[in-house]
Structures are given as structure tokens and as C-alpha cells.
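Let the sequences and hints guide you as you build the complete structure.
Top to bottom, those sequences are chains A and B.
The working numbering numbers the first residue of the first sequence as 79 and each following residue consecutively.
The working numbering numbers the first residue of the second sequence as 5 and each following residue consecutively.
Calculated directly from the structure, the hints in this document are not laboratory data.
Incorrect hints may have been included.
[Unchecked claim] With a Cα cut of at most 35 Å, we get these calculated DSBU-like pairs of lysine-lysine: (1) B:LYS109 with A:LYS138; (2) B:LYS326 with A:LYS204; (3) B:LYS300 with A:LYS239; (4) B:LYS109 with A:LYS545; (5) A:LYS138 with B:LYS37; (6) A:LYS461 with A:LYS126; (7) A:LYS548 with B:LYS37.
[To be verified] Here are the in silico distance ranges between beta carbons for each label pair: (8) A:GLY245 with B:ASN114: 50 to 58 Å; (9) A:TYR354 with B:ASN118: 44 to 52 Å; (10) A:ASP251 with B:ILE308: 17 to 25 Å; (11) A:VAL544 with B:LEU314: 35 to 43 Å; (12) A:PRO514 with B:ASP9: 25 to 33 Å; (13) A:LYS328 with B:ILE308: 47 to 55 Å; (14) A:GLY245 with B:LYS300: 47 to 55 Å; (15) A:THR321 with B:SER318: 37 to 45 Å.
This one's a predicted model, so the numbers in the text were calculated from it and none came from an experiment.
Beta carbons are placed, not taken as given, at the ideal position from N, Cα and C, and that holds for glycine.
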Amino acid sequence: MDLALAPETLARWQFGITTVYHFLFVPLTISLAALTAGLQTAWVRTNKEKYLRATKFWGKLFLINIAMGVVTGIVQEFQFGMNWSDYSRFVGDIFGAPLAFEALIAFFFESTFIGLWIFGWDKLPKKIHLACIWMVSIGTIASAYFILAANSWMQHPVGYKINAQRGRAELTDFWLVLTQNTTLNQVFHTLSAAFLTGGAFMVGIAAYHLARKRHIAEMKTSLRLGLITVVIAGMLTALSGDTLGKVMFKQQPMKMAAAEALWDGEDSAPFSVFAYGDVEKGRNTVAIEIPGLLSFLADNDFSSHVPGINDINKAEQARFGPGDYRPMIPTTYWSFRWMIGFGMSSFLLGLVGLWLTRKKFWLAPALRTGEDEVPHLALFKNKALNPKLARVYWLLALWTLAFPLIANSWGWIFTEMGRQPWAVYGVLQTRHAVSPGVSQGEVITSMSIFTALYAILAVIEVKLLVKYIKAGPPELTEDDLNPPTRIGGDDADRPMAFSY
Amino acid sequence: MELHDVWFVLIAVLWIGYFFLEGFDFGVGILTKLLARDRTEKRVLINTIGPVWDGNEVWLLTAGGATFAAFPEWYATLFSGFYLPLLIILLCLIVRGVAFEYRAKRPEENWQRNWEHALFWTSLIPAFLWGVAFGNIVRGVKIDKNFEYVGNFWDLLNPYALLGGLVTLTLFTFHGAVFAALKTVGDIRTRARSLALKLGLVTAVAALGFLIWTQTNHGDGWSLAAMLVAVVALLAAIGANQIGREGWAFAFSGVTIVAAVAMLFLTLFPNVMPSTLNPAWSLTVTNASSSPYTLKIMTWCAGIATPLVLLYQSWTYWVFRKRIGTQHIAEPAH
Numbered sequence: 079m080d081l082a083l084a085p086e087t088l089a090r091w092q093f094g095i096t097t098v099y100h101f102l103f104v105p106l107t108i109s110l111a112a113l114t115a116g117l118q119t120a121w122v123r124t125n126k127e128k129y130l131r132a133t134k135f136w137g138k139l140f141l142i143n144i145a146m147g148v149v150t151g152i153v154q155e156f157q158f159g160m161n162w163s164d165y166s167r168f169v170g171d172i173f174g175a176p177l178a179f180e181a182l183i184a185f186f187f188e189s190t191f192i193g194l195w196i197f198g199w200d201k202l203p204k205k206i207h208l209a210c211i212w213m214v215s216i217g218t219i220a221s222a223y224f225i226l227a228a229n230s231w232m233q234h235p236v237g238y239k240i241n242a243q244r245g246r247a248e249l250t251d252f253w254l255v256l257t258q259n260t261t262l263n264q265v266f267h268t269l270s271a272a273f274l275t276g277g278a279f280m281v282g283i284a285a286y287h288l289a290r291k292r293h294i295a296e297m298k299t300s301l302r303l304g305l306i307t308v309v310i311a312g313m314l315t316a317l318s319g320d321t322l323g324k325v326m327f328k329q330q331p332m333k334m335a336a337a338e339a340l341w342d343g344e345d346s347a348p349f350s351v352f353a354y355g356d357v358e359k360g361r362n363t364v365a366i367e368i369p370g371l372l373s374f375l376a377d378n379d380f381s382s383h384v385p386g387i388n389d390i391n392k393a394e395q396a397r398f399g400p401g402d403y404r405p406m407i408p409t410t411y412w413s414f415r416w417m418i419g420f421g422m423s424s425f426l427l428g429l430v431g432l433w434l435t436r437k438k439f440w441l442a443p444a445l446r447t448g449e450d451e452v453p454h455l456a457l458f459k460n461k462a463l464n465p466k467l468a469r470v471y472w473l474l475a476l477w478t479l480a481f482p483l484i485a486n487s488w489g490w491i492f493t494e495m496g497r498q499p500w501a502v503y504g505v506l507q508t509r510h511a512v513s514p515g516v517s518q519g520e521v522i523t524s525m526s527i528f529t530a531l532y533a534i535l536a537v538i539e540v541k542l543l544v545k546y547i548k549a550g551p552p553e554l555t556e557d558d559l560n561p562p563t564r565i566g567g568d569d570a571d572r573p574m575a576f577s578y
Numbered sequence: 005m006e007l008h009d010v011w012f013v014l015i016a017v018l019w020i021g022y023f024f025l026e027g028f029d030f031g032v033g034i035l036t037k038l039l040a041r042d043r044t045e046k047r048v049l050i051n052t053i054g055p056v057w058d059g060n061e062v063w064l065l066t067a068g069g070a071t072f073a074a075f076p077e078w079y080a081t082l083f084s085g086f087y088l089p090l091l092i093i094l095l096c097l098i099v100r101g102v103a104f105e106y107r108a109k110r111p112e113e114n115w116q117r118n119w120e121h122a123l124f125w126t127s128l129i130p131a132f133l134w135g136v137a138f139g140n141i142v143r144g145v146k147i148d149k150n151f152e153y154v155g156n157f158w159d160l161l162n163p164y165a166l167l168g169g170l171v172t173l174t175l176f177t178f179h180g181a182v183f184a185a186l187k188t189v190g191d192i193r194t195r196a197r198s199l200a201l202k203l204g205l206v207t208a209v210a211a212l213g214f215l216i217w218t219q220t221n222h223g224d225g226w227s228l229a230a231m232l233v234a235v236v237a238l239l240a241a242i243g244a245n246q247i248g249r250e251g252w253a254f255a256f257s258g259v260t261i262v263a264a265v266a267m268l269f270l271t272l273f274p275n276v277m278p279s280t281l282n283p284a285w286s287l288t289v290t291n292a293s294s295s296p297y298t299l300k301i302m303t304w305c306a307g308i309a310t311p312l313v314l315l316y317q318s319w320t321y322w323v324f325r326k327r328i329g330t331q332h333i334a335e336p337a338h
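Following this line, the structure appears as C-alpha cells:
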């Protein structure tokens, strides 16, 4: 059969499409839940109306996102059985457990409390209602943790043995699966990237309104909250990316050699800035490099030996039998670069923004602004940016809103494509993981329908987001400010304060 | 009782929970077309399940995840074998979830009407297909010696399974009508009650046929007992609805679902998915299950998490126990 239409290839495409699509919503959901919870906490503590308006504004955007995150997540869970049944048979004993934990512990929690939060504004006492959104936030994070534990096991299988009689892998140490360094580093990296995503989203939208001098009080707060989130999360993302990279160098040397297009092992290996190579011949034709940096990144030592693609391929052939153990080098190489490039650009812009909008006492008195004025953007203590440059800053903040989302997608493409040809590194190859009983036609059908549906929903979702972003924070009513909280009872025929 | 038997029971419980809970929210989704007279009434119906449908749906995700972890072979055969029906169910659940959240996000009547159409069909189709799927599981399907499903899509559309689909469809709609009567006030409540009677009678006919067919081909003493409970509860639900005891009617329609699904699992045990080609190729609780270690860990998790889930989900139902009517819908917020 033509390789391009082989069920394995199609199943991989479908998995890739649904995963990348699902992961557009997940990081925003995780970060916006926590940021909304933070704003609502500020409202409950200070009673300042701007916090309530900001809570309702970001909460709405959060809900539009989580709806898509939830429904695309169902597809993720069912796909293992539908398209990867041999995978499920072989590793279900291990891989199924964190998924079941996720559903039982995290997902029930999240989905129940989100219903309470959406409909509970006038039903629950203020503090209990606030607790609900924090519960949602905890749920999203716990959910990410269990899923990443499962994924990390595919990157670096631990705590299992092969049962030859049943022809499958069996769990021997669940605690190890939950706490191995791959899991912890991946959780740290993914969560910090999620907050970078939400922070940049907040900054971009706040900049949009501030540039138009609208909803100033709420957007000023949101801008600062977003910028601080971007900067802290950006630093943590870089830091965790570095430690995750070191772990991967040890556990998946092929992935990291491919990420660097390092064909042959070197002492004092260079970091590749740009490379163009010939996969067949196994070498680069063009390469711009920083000497020694790769060795340092891999091992904290500029002169360490780093094995190359060709060496590792030979070693794996010796270990696992004949075959090609190289992932797609160009995809791996470029996805790694786009991930870092987009993520770090966003972080740097956040850093600049944080400096430009710094607080009062850093600025000359003439530049200080009140609650309802657009902040002066000041490069120096007593000199504001000229209006043209300020306009560029607001636009730049808006345009880079999606940078971390792009970085996230490339990050997943890198980490999953770099693991190929393995589904479970060193244990099960992807071509042995597909469902043997599912036909080419069935996968083509499902893939085309999912892709078309996702495209339509993406348009609807973006239009809705734009509508609610443009509308800005809602006007508050007396009921919003002092909700007459009654649990149940049917004493009044007043319309419900907040619902779909 | 070994751990894999415990997990068979737990998975049965998860499916029972799913059909009990999402059963009525599927039903309410279907009723938005049959019962509601205008947009405001549609909105009332949607709001009766608004705070809870998401939590209800997680029962399905948990049933799926738990099957993956406790019976990987069952999960693999079932999900790859029923590929196209599951695809349709997934598409429905995607559109349905989005429909709830997005319907009121724009004021245009057209926009809302489209999502209402979507809500109706995406509630109706899965309500039917789940019955078809379970009918096939109980009846047995073409499974070869490698536990692969070797039948095709059309094999799944046999009369027994289709009748099963009709039963879940009518039963869930009845359950939804009873729930709507319990959760609303005013005119819509009265109409929900009279529609529930008609739906109840149709359900009774379909269910009686399906359950007797099941009992004749696959049943034993235990399944007979479950069947009798289901039938009596269904009649009691219809009766309670007639005399206006809405709480009781809902409890009884719930018991009907519990008993009927329990009956299906009782006829299944110790198989989890029988093969029609050769009984030796059937998936059973032993040959489909995970290792004792995994089952032990999962048992701990379920033992601690399930009571908590029941606790906070019940609390949600308590918080939103108030009946709602058209007067609770703010005009601009359709």
C-alpha cells in the first residue's frame, strides 16, 4: 500500500491533528482558570468593581475556550482504542491507569465545579463561589499532571516489566511512573508554557483596549497581571526547558541529536543556529553553529561528548535489530527551533513591556497616571515613548498574542515526532501500535470529518472570542455587586444572574 | 471475588451512572424540540441541565478510562471494532458540548436556532447509538482469535441491537421528560407531565420487548430479577407521573435505567464481549483484564475518589434544586 495512505500514516495524522488542535485550548484553559481565580480573589478581598468586571470578562473568554478543550479531549481519550488498539492492548495495563486517575480525580472535579461557578453567582455565598473557580483551576492542573505522566511514560518507560506470556507490558511501580524525572520536568515545562500562553493572551487583549483608551481600569490591571505572568512563566519555561533537555539527552539521545542536526558525535559539540542537510547522505550541507554550546546544554560542560544521529542509529540497530531508527530530521530540527523562537520572543516582549509600564515610584511624577488613564510607556525615568512608538508597542503586544500558542504546537510536534519510530521509546514501534482491524477508508473518513469539523469550530470560536474581546468587560448590575445568595428555595421569580 | 470481578462491577456502575445522569440530559436535549413552544421555554429546558450536563458526561470519560486501565483488551476491541458508530457519537458529543456553551453567546435568533437544532440531533443520535452498541455487546459480535473485531459496520445494525437503540432512545427521553416536569414550574411542567405519559407507554412497549428478548437468549435467574425490577420501576414511574409525584417518578425512571443496564451486565458476566464466531474467542473478565497490581492501585483510587465525586456532585444537584420557569429567564439573555 502507498505509504502516504497507509493506515499507520493516516492514524498518525489524525492523532497529530486532534492533539495539536486540542492543545490550542488546554494551555489557555489552565492559565485563564488560575488568572480568573486570581482576579476574583482580588474582587472578594477588596470589593473594587474593576476586579469583578475583569473577572467576568476573562471568565467569559475562559469558558469559550474550555468548551472546546473539553470536547476535543474526549476524542483524545477514545482515539487510543479506536486507532491504536494494538498500543492499547500492549500498554493498557500501564498507560490506562493515569488516564483513569485523571478522569476520577481531576476531570470530575473540574467539570462539576465549573457548572457551580457558571450558574452559582447568585446561588452561593461569595467565598464559596470563589472557591469553586479555584477548584476548577486545581482540576485543570491535576488533569495536566496525569496526562503528562502518561505521555512521559511513552518518552521514557519506567516501572514496568514485559509479560511474555500475555504479550504485553505490565506495571510494576506506579509511583515511579508518577514521579520519574521525565514526568516532573515535563509537567513543569508544560505548565509554565501554559501560563506564558495565558499571560501573552491577556497582554495582547489588554493592549488592544488600552490603545483605544477603553475599559482602562480593568485593562490596566489585566495588562500588568499578564506581563508579570509572561515574565515569570517565560523564565520558568526556559529554565524547565533546559532541565528537560538535559533529561532528554540522557533518555532520548536520538531526539536531541535530531533536534540539532548533529549527524556525527563530537566532543565539544556546537549548537546549530541554521542547518540544511541531506538526510540520505547523513550530513549537513550548510551549517551555522555556536561552538561547544550543545555540549554545555546537554551536560553543563563545554567539552562533553555528544553522540550524533548516525552513531545512535547504529547503536539502536545493534540493540533492536535492523531498521531505521531516525525520526524525520528536518521536522524535528525545525520544530525545536520554532518552539524556542516563538516562546522566547514572547518572553522578551513581555520583559520589555514590564519595563515600559513599570510602577509609579520608578517614574518621574509627570509621567505617573491615575487609575483611569492609559499608562505612559516610558523607556527612561522621565521620558515617555513618543506616540508612534507607543502605538507600535500596543500593536506588537496584540500581534504576538498567539506566539506562545504556536510555540506550544511546535513543542508537541517536536516531542512526539522526535520519538518516532517509537510509540513507546525502545519498547513498541508506532507501526506495531495501530488498530489492525480499522480500514484505510474508516480512518480517511474520520480524519476528514474531524478536520472539517475542527476547522468550522475554529472559525466559530475565533469569531466568538473576537466578539467578546471587542465588547470588553460587562456593565455591572446591582445583583452582580450584591448577589442575594440563597441556596435553592423558590422565593423569587427574579431572572438568574448568570447562565449560558 | 477477585479484583477483575470487582472492576467488572465498577465499570457496570460507571455505565449505569452515565446512563442515569446523561440519560436525562440527552432526554431534555431531545425535548427542546418536542416540548418547548418558544425560545424562552427552550432556554428553561436547557437551564434545567445547564449546571450538571458536563459533570454527567464525565461518567462516560471515566467509564472509558477505567475500561482502558482495567480491561485493555476489551477497550481495544470495543473501540476499534465499533469505529464508525463511536465516531458518530464523538462528533455528536463535540457539537453538543459546544452547543450548550455557545448558543446564548450571540443574540441572533438564527444563531440560537441552529444550535438548538444541533442540540436536538446530538442528543438524539447518541441516545439511540448507545443502545445499539450495548445490544451488540450483549448479543456478541464477530471476534477472531486475536480478539480483533472482524465484522463490519452493517453487522452492527441487526434487529436486536436496533431495538436496543430504540429502548435507550425512548427510555432516555421519558427519563428527561420526568426530569423536566420535576425541575420546572408553570405551563411547561404540566405539558412535560402529559408528554411523559405518552413517552412512558412507548418506552414500556419497546423495553418489554427488548428485555424479554435479552432474557430469553442470554438470561439467568439474576438477570430475570433485574428485569422484573426494571419493568416494575418503569410502570411505577409512569404511575407516579400520573398522580403528579414528580420526585418519585424521576426516582423510578432512574431505577428503571439502573436495573435495565445492570441486567445487561449480568447477562454478560463473566464475558465482557462475547464472540459469535467461537465461544473460546470471547473476551472475558480474566483474559481481558489488567494485572493484579494495576487493578489494586485502581481499586484504591476508585475507593477514595468515588465517594468524593458522589458527594460533590450531589451537592451540585442540591445547590441547583430550585425549579425554574419562564419568569427566570432574563429577556436579553436568551
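Exercise. Hints broken by the structure, by number, lowest first?
Worked result: 13 and 14
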